[in-house]
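Go ahead and model the full structure; you've got the sequences and the hints to work with.
Residue numbers (our numbering), protein chains in the order written: chain P, 1 to 674; chain Z, 1 to 494; chain X, 1 to 212; chain F, 1 to 311.
Derived by calculation from the structure, the hints in this document are not laboratory data. No experiment lies behind these values; they were computed from the predicted model shown. Possibly wrong hints are sitting among the right ones.
[Said to hold, decoys possible] Computed list of lysine to aspartate or glutamate pairs in EDC-like fashion (alpha-carbon distance at most 16 Å, straight line):
{"hint": "1", "chain 1": "X", "residue 1": "209", "chain 2": "Z", "residue 2": "303"}
{"hint": "2", "chain 1": "X", "residue 1": "211", "chain 2": "Z", "residue 2": "303"}
{"hint": "3", "chain 1": "X", "residue 1": "211", "chain 2": "Z", "residue 2": "151"}
[To be verified] Computed footprint of chain F on chain P, listed as stretches where at least three residues anywhere in the stretch have a Cβ under 8 Å from a Cβ of chain F:
{"hint": "4", "segment": "376-388"}
{"hint": "5", "segment": "396-402"}
{"hint": "6", "segment": "408-419"}
{"hint": "7", "segment": "424-430"}
{"hint": "8", "segment": "444-450"}
{"hint": "9", "segment": "544-553"}
{"hint": "10", "segment": "572-585"}
[Unchecked claim] Going by beta-carbon spacing under 7 Å, a handful of chain P positions derived as facing chain X:
{"hint": "11", "residue": "646"}
{"hint": "12", "residue": "649"}
{"hint": "13", "residue": "651"}
{"hint": "14", "residue": "652"}
{"hint": "15", "residue": "653"}
{"hint": "16", "residue": "654"}
{"hint": "17", "residue": "657"}
{"hint": "18", "residue": "658"}
{"hint": "19", "residue": "661"}
All C-beta atoms in this analysis are idealised placements derived from N, C-alpha and C, irrespective of residue type, glycine included.
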Amino acid sequence: MRLWLPGGALALFLAGACAALLFSGKARTAGRRLAYVCSAVACAALIATGAVGVSGETAAVARFRGALPFTEILLRVNDFSAFFLMIIGAVGLAATIYSAGYVKQYEGHKSVPLLTAGMLLFLAAMACVVMAGNVFTFLLAWEAMSVVSWLLATYEHERPGTQRAGFIYVVMTHIGTVFLTIAFFILRHYSGSFEFARMEQASLPPSAQSLVFVLALIGFGAKAGLVPLHIWLPRAHPVAPSHISALMSGVMLKTAVYGFLVFTLYFLQPGPLWWGLLVLAAGANTALFGVLHALGEADKKRMLAYSSIENMGILFMGIGAMLIFQAAGRPSAAAFALAAALVHAANHALFKGLLFMGAGAVLKAAGTSNMNLPGGLIRTMPWTALFMLAGALAMAAMPPFNGFVGEWLLFQSLFALGFEGPTTALRIAGALAVAALALVGALAAFLSVRLFAFTFLALPRSEQAKEAKEASLSMRVAMGLLAVGCLAAGLLPFVFAGSAQRVLERITGLAGAAPAFEVSPAAVGGGTSEIAPAAAALLILCGLAAAGLLTRLIGGRTRTVRGETWNCGEPLEPRMTYTAGGFSKPVRVAFQRLLMPHRVLYVDRDPRTPYFARGFTYASELPPLVENLLYKPAMNLLVAGARLFRGIQNGVVQSYLLYLLATLVLILVWRIWR
Amino acid sequence: MLPLWTLLVPAATGALCYAARNTRLIERVHLAGSTVASALALWLVWRVYEEGTVTALGQFFLVDALGAVVLAIIALVGWTASLFSVGYIRHERAKGALDARQVKQYYFWYHMFVATMLAVCMVNNLGLLWVAVEATTIVSAFLVALYRKGEALEAAWKYLILCGTGIAIALLGVILLYASAIRTFGDAHNVHELLNWSFLGNPDVRLQPQVVGLAFVFLLVGLGTKIGFAPMHFWLPDAHSQAPTPVSALLSGVLLNRAMLALIRFAVVAGHTVGLDEIRPYFIGAGLVSVLFAFPFVLVQQDLKRMLAFSTVEHMGIIAVAVGIGGAAGYAAAMLQMFNHAMAKSLLFMAAGNLTQKYGTKQMARITGALRILPFTGPAALVGVLAISGLPPFSLFTSEFSVAAAGFAEGRPWAAAVMLAGIALIFGAMLFHAGRMMFGAPREKPAAGELSRWSTYPLLLPLAFVVVFGLYIPPAVSGLIRRAADIMTGGWAS
Amino acid sequence: MMLTATSVILVISALLLVWVKSIMSSIRILALQSLFLGIACFALGAQTGEAEVYVMAVLTILVKAILIPAILGSTMRRINIRREAEKYIGRGASLLLASGLVVFNYAVTERLDLMLLGSEIRTLPHAVSMLLIGLFVMITHKKAIMQGIGLIVIENGLFLLALSTALGMPFIVEIGIFLDVLVSVILISILSYRMDRTFRSLSTDWLRKLKG
Amino acid sequence: MGEFLTGLAQLAVVVLIAPLVTGFIKKIKAILQGRQGPRILQPYYDLYKYMRKDAVVSRESSWIFTATPYVVFGATLAAAALVPVIARDSLLSFTGDLVLLIYLFALARFFITMAGVDTGSSFGAQGASREMFVSSLAEPALFVTLLAAALPAGTTNLSMIADRAAERGWPTSPAFYMMLVAFAILVIAETGRIPVDNPDTHLELTMIHEGPLLEYSGKALALLQWSAQIKQVLLFALLADFCFPWGMAVSAEWPALPAGLAAFAVKMAAIGAFAAFVEMSTAKMRLFKFPRLLGAALVLSFFALTAEYLM
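In structure tokens form, the structure reads like this:
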């Protein structure tokens with residue numbers, strides 16, 4: 001495994017960042033362009049490392065001695081981290097190309113070199129998290145990633161609400177990191193060293209195993225956005241510049257999945273059944289919560305953030321299924337479930353990155369990310385529309401695209417859980433998971449139609465939407481790259497699944513087992529289960545051809561005429577078309593027990609007659625439930641308690657002397673008593 | 001004779017400043033004096049690194065590795081604070097908050113303060129150590145009472161009374177220690193030599209356990225008041241917020257380390273007779289209480305400098321927990337934490353000074369958009385806040401990580417876990433305030449732009465230390481810290 | 001033997017301080033107390049023949065008995081108004097409390113088996129009780145100056161302890177302690193003077209603005 | 001090679017029979033309502049008529065509007081290739097084609113709803129919104145029912161499920177009947193029959209499936225109607241495969257295929273009659289009563305599942 005690839009990539013990132021910052025004044029654009037080149041080459045190097053590393057052995061990349069024995073930086077690439085390096089490299093490459101065009105809008109009033117350098121450091125930090133070889137480096141890279149992404153998210157801190165969103169984000173991730181640190185220290189206690197390689201051989205007693213598992217779940221759950229710990233995600237992602245939120249949603253959440261899998265696969269032996277059940281339940285709950293709230297959102301980027309929560313929920317359902325199968329001693333089914341999770345992670349990175357970039361392009365062109373205002377952009381922004389359509393189809397898990405592969409695998413493993421789960425309770429849990437995943441899948445389709453249709457189709461509902469211009473070339477190239485990636489991953493799933501091959505073997509213990517997709521868990525039925533989306537796509541194509549041929553054959557040549565849309569005889573106005581809010585209204589009504597939407601209807605009564613109203617103003621929005629019910633009361637209690645406690649410093653010298661005397665007497669009494 | 005010169009130079013500069021006529025001359029003398037003093041101190045530290053321990057005037061002065069680390073802190077922070085105070089005092093003078101006489105008094109007491117703090121880490125006799133610590137209190141009380149405001153007077157009074165009582169209780173401890181030393185070794189050695197660190201520091205010196213245990217309790221409470229451990233810290237926020245900013249930087253960054261050094265020396269002595277395991281719970285208890293006690297005050301704080309003062313209480317707690325955890329790793333972590341905290345806290349206080357002078361208020365609610373208005377101090381303050389809350393790329397993460405690692409290694413997992421939780425909570429509270437101050441659209445009232453060259457360049461030195469020490473600590477520094485840790489474990493091998 | 005007698009007198013004088021009403025009379029009691037301490041030190045010097053003890057005796061009388069009361073007196077005169085030394089709790093109650101403290105202290109110091117320091121030393125409980133009374137004075141009195149006086153009573157108690165257990169601290173340390181006490185008294189008087197000029201009263205009720 | 005030919009034959013049969021089934025259902029409904037009703041072959045004539053008419057496309061719509069009919073027909077055709085109708089194994093059968101089948105229907109529905117919104121008319125968008133609403137409620141119940149149906153076979157391969165179901169003979173366990181009722185409700189919901197949606201009406205407020213098709217004309221409308229009919233046949237065939245799969249041809253020899261075809265015709269007639277009868281006996285439900293109906297289907301399928309587990 002060539003060592004200089006990952007090392008070179010990190011060096012290039014840092015060099016690029018410095019180039020962007022140092023070249024100021026006249027040479028600013030040259031510096032920035034150099035930074036983009038460095039970043040692009042570095043991302044390519046990451047992809048290459050990943051591709052090579054997936055099959056290769058663990059290889060140490062760099063080791064720096066620290067002052068104290070355990071503060072030492074160690075970077076290494078093994079097959080598992082290589083898979084995630086590929087994701088970081090791919091989306092990083094697209095984001096770099098995209099940012100070349102996107103940052104032009106900040107030219108005048110914001111410092112662009114800072115944003116470019118920040119992005120490069122962010123990519124470097126994520127790569128380091130995945131390549132960390134010991135606890136100190138992991139925590140160093142993990143927190144550096146959080147801090148850099150926080151600073152990038154609050155880049156436009158003039159806008160109200162950005163600073164607060166950034167604050168909530170960085171505090172929640174920091175508190176999550178405390179859980180991780182404690183888990184790492186417990187592991188170190190039993191394994192005797194901070195090296196990950198040594199920690200893998202650690203044998204922990206069951207109680208310590210469960211404690212470390214729960215701490216890891218909370219720590220990484222906070223970063224991945226599992227429901228009770230998700231409140232930062234829908235606030236932080238929308239405020240960040242679009243290519244940064246693409247990186248945050250697409251890639252940063254995957255580093256949390258990487259961390260959790262490193263804990264469950266490498267550090268801990270297969271644990272009891274309740275582990276898997278807990279993760280499955282958390283995943284299902286997160287997925288449902290995410291998709292329902294996404295449907296309630298009017299802001300495009302907030303909706304995409306909630307959809308990221310939903311996809312992370314699906315991912316954790318896959319991991320939950322894997323844990324259950326591992327606990328039940330069914331390694332091949334566990335490998336299948338893990339393949340589902342990993343493939344979905346890669347696919348989600350691709351299509352979520354694409355959608356955020358598309359949203360950024362629309363935001364730049366139409367000036368607003370509110371979905372009810374723009375419309376009909378497909379005429380002015382055809383290319384962005386085409387790529388966004390690809391992204392939307394992938395998000396809705398439609399067959400020819402990559403979203404379907406992940407969901408298909410997950411359905412298979414959940415069906416397997418339903419058929420051959422170890423106990424009846426788990427089978428019913430499997431069935432419940434199937435129902436939840438089906439509902440989430442359908443609502444995701446609802447979501448992606450809403451996302452695409454009400455931005456690009458129908459009539460433009462605002463002036464700015466009318467004169468929207470097509471996104472710049474670099475943005476289109478980036479989006480095109482990702483769209484092609486989605487389609488390719490959809491048609492040839494073996495590429496991605498195959499790359500996770502060594503990891504799957506590691507779980508199943510059978511070296512050289514049939515490739516991931518040929519692994520047919522007995523429960524899911526005999527026969528080869530290699531998915532044939534390629535075959536399905538082929539079928540659809542020949543179906544298209546047949547349709548064209550058939551109609552031509554039977555009907556002969558016919559002309560098409562451009563006419564008026566039927567609107568009961570009146571000319572069609574943009575005001576009459578549905579809005580995104582109206583489109584998802586039935587779901588909000590059906591699930592109002594869960595969502596508790598807040599509606600305001602103000603009727604402007606005509607004073608003269610009680611019967612006629614001059615106008616209605618109607619507003620409906622989904623209150624952030626978890627925040628209102630869980631976080632706000634806790635914070636109010638904390639602040640009230642702090643204010644009460646603050647009274648102890650009452651400014652009176654005599655009382656301070658009394659405290660001093662009391663402490664002295666207290667310690668003396670304690671000493672005598674001991 | 002080097003230690004004697006290092007003491008005399010600041011005293012002389014103080015006197016000269018007081019004598020000098022116009023402010024230009026005072027500033028020039030002040031700068032020259034502080035540069036020479038810091039250079040001498042650093043040279044002394046280098047000699048300690050070379051020869052192990054430096055003694056002068058026949059064992060009157062004795063600087064070991066432990067003292068050298070603390071000496072290095074006063075050298076660096078003292079120098080930056082003196083650079084900063086030139087700009088600060090000019091601005092205060094221009095604003096009319098200080099008249100000519102007060103400026104002269106300021107410089108005089110400033111150098112006296114530096115002199116007494118230098119004495120604490122160089123003096124050999126533990127009794128004189130107590131006298132030096134008492135002297136620092138009195139001298140800094142003059143500095144706290146510099147402004148002609150009611151609050152400054154109130155803060156100085158509380159500072160004097162509380163620390164005076166605390167120090168008196170500590171004196172009780174020293175007397176008991178000395179009495180038991182006389183009782184056991186009275187005849188063998190000359191009476192004056194019994195209280196010397198060179199004598200009491202040896203591990204084979206055993207005094208009477210009960211007496212030493214009791215003495216340590218008085219010392220802990222007494223010096224604890226001076227360090228600012230939780231239930232006895234009430235003077236600290238008042239004194240640090242009312243003092244002129246360079247002085248509060250010295251108070252927070254340096255003075256508390258002196259008291260901690262004294263407490264550590266007495267702990268090492270008590271440890272030899274009573275055994276470290278009995279001393280440890282005191283330190284860990286005081287440390288944890290301080291860390292947890294500081295959180296509510298930081299959360300609902302309105303005054304910027306008071307928030308920084310409470311953050312100092314928290315960090316003194318962390319150092320106490322590190323010393324309490326003990327072992328080579330624990331003590332090394334404590335020393336590293338002491339150094340890093342001094343750097344980060346002085347950076348933050350100087351940045352806070354700029355902010356308060358620029359916005360003309362200490363209320364955090366009225367400071368917004370600092371990143372845009374103070375292009376250098378804003379980011380420096382942000383780096384300071386991130387560093388002080390222990391975020392990785394900076395030095396404090398390394399030391400807090402090693403404290404926690406030592407905690408888990410030495411079998412004190414719960415203490416380390418509670419400490420980590422406390423640090424995270426205070427991080428949230430501080431960032432809440434810092435975020436509101438740094439970000440946001442700047443109002444038009446305070447015009448953008450830094451105050452003066454004097455107020456920005458001094459920030460560079462601590463900023464460099466905070467950032468560099470995050471990833472790479474030069475072997476010289478880590479060697480010194482490791483040797484200081486050996487002293488704390490094995491006692492002073494003469 | 002002489003030492004234990006003087007220490008009893010010192011404790012009584014401290015209790016008297018708690019009882020007395022006006023500030024000037026408490027300064028006089030303080031001077032008296034320091035004088036007794038000096039005499040006891042002089043006697044001890046005679047008994048042991050140590051030169052240093054003599055010097056310390058002279059110093060105590062000079063600094064603590066004469067100089068400090070003079071400084072405090074002059075500050076009070078400069079404020080030129082006869083002041084009440086009101087307390088938070090009435091005279092009777094505070095006297096009761098103070099003596100209660102002394103009794104508690106005697107019970108405790110016995111249990112602390114400090115007799116290892118020398119069977120013949122009886123003055124340890126007295127010293128600790130003077131410390132407690134000093135603290136008590138500082139806690140109960142409203143007037144700032146009284147807190148200063150409480151501080152000096154504590155210093156006297158500690159000096160007594162040092163004398164009885166170890167014939168006083170090493171000479172340089174004693175000089176240091178005297179210097180510190182002297183400078184802190186000077187500082188207290190400056191601050192009280194400035195407090196009077198800013199708040200026109202010495203009561204610590206004015207010193208309550210810095211909260212939280 | 002024989003396999004491939006039978007698969008193609010099956011595909012042709014499904015595509016050709018689809019309009020006949022719709023015509024048959026309309027005929028049965030007419031007879032039950034006591035009127036003569038259109039002739040059974042009327043759908044064929046309609047399709048032929050549409051094929052030859054010129055199309056009118058609204059000015060606001062984009063290329064998606066014109067592409068939708070072909071994508072929908074293609075997806076339905078692909079779905080037809082998966083479902084075993086006459087012979088046991090369909091043109092393309094692999095484990096997990098059950099999931100692919102449902103997602104192909106979802107792809108068709110995705111494009112129809114987009115076309116509905118594309119024209120900018122509120123009827124299309126309203127129909128699209130309700131179509132997605134119904135399908136998102138129906139899908140969980142559908143998946144659990146399929147899980148319950150496929151449980152005895154233990155695999156998600158449609159052909160193998162049909163084989164296992166055939167060997168089992170007439171089931172006696174109550175689980176089967178609960179699953180059957182749930183499956184029936186879902187088939188009606190998916191094909192847009194009366195209790196859920198009225199296929200014959202063009203009344204703006206009630207039509208769900210017809211809404212997006214409002215703007216279509218000419219060849220496009222023919223394709224869309226045809227694929228709707230094919231989808232209906234496929235769903236009926238799915239119901240037949242799971243619940244009464246007897247009579248399907250096992251091998252490609254001479255006597256098996258026509259017998260399979262005959263059995264298939266009988267089954268389609270039976271299910272069509274049942275659908276017509278249901279349409280006659282119930283009125284269309286209010287939109288926000290659907291969650292209750294489809295929730296009932298979900299609960300029924302869960303009971304079937306647990307009963308199956310406990311058996």
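Checked hints:
1. X:209 / Z:303: Distance of about 13 Å is within 16 Å: holds.
2. X:211 / Z:303: Between residue 211 of chain X and residue 303 of chain Z the Cα gap is close to 11 Å, so the pair holds against 16 Å.
3. X:211 / Z:151: holds (11 Å)
4. 376-388: Holds, because 4 residues of the segment 376-388 of chain P bring their Cβ atoms closer than 8 Å to Cβ atoms of chain F.
5. 396-402: Coverage by chain F holds for the segment 396-402 of chain P (4 residues, Cβ < 8 Å).
6. 408-419: holds (count 6)
7. 424-430: Contact hint for the segment 424-430 of chain P vs chain F: holds, 3 residues under 8 Å.
8. 444-450: Holds: 4 residues of the segment 444-450 of chain P have a Cβ under 8 Å from chain F.
9. 544-553: holds (count 5)
10. 572-585: Holds: 9 residues of the segment 572-585 of chain P have a Cβ under 8 Å from chain F.
11. 646: holds (4 Å)
12. 649: At about 6 Å, which falls below the 7 Å cut-off, the nearest Cβ of chain X leaves the hint on residue 649 of chain P intact, so it holds.
13. 651: Holds, about 4 Å.
14. 652: holds (6 Å)
15. 653: With a closest approach of 5 Å, the residue 653 of chain P hint holds.
16. 654: Given a least distance of 5 Å, the restraint on residue 654 of chain P holds.
17. 657: Residue 657 of chain P check passes; min Cβ-Cβ to chain X is 5 Å, inside 7 Å.
18. 658: Constraint on residue 658 of chain P satisfied, holds at 6 Å.
19. 661: holds (6 Å)
Consistency note: the structure conflicts with none of the earlier hints.
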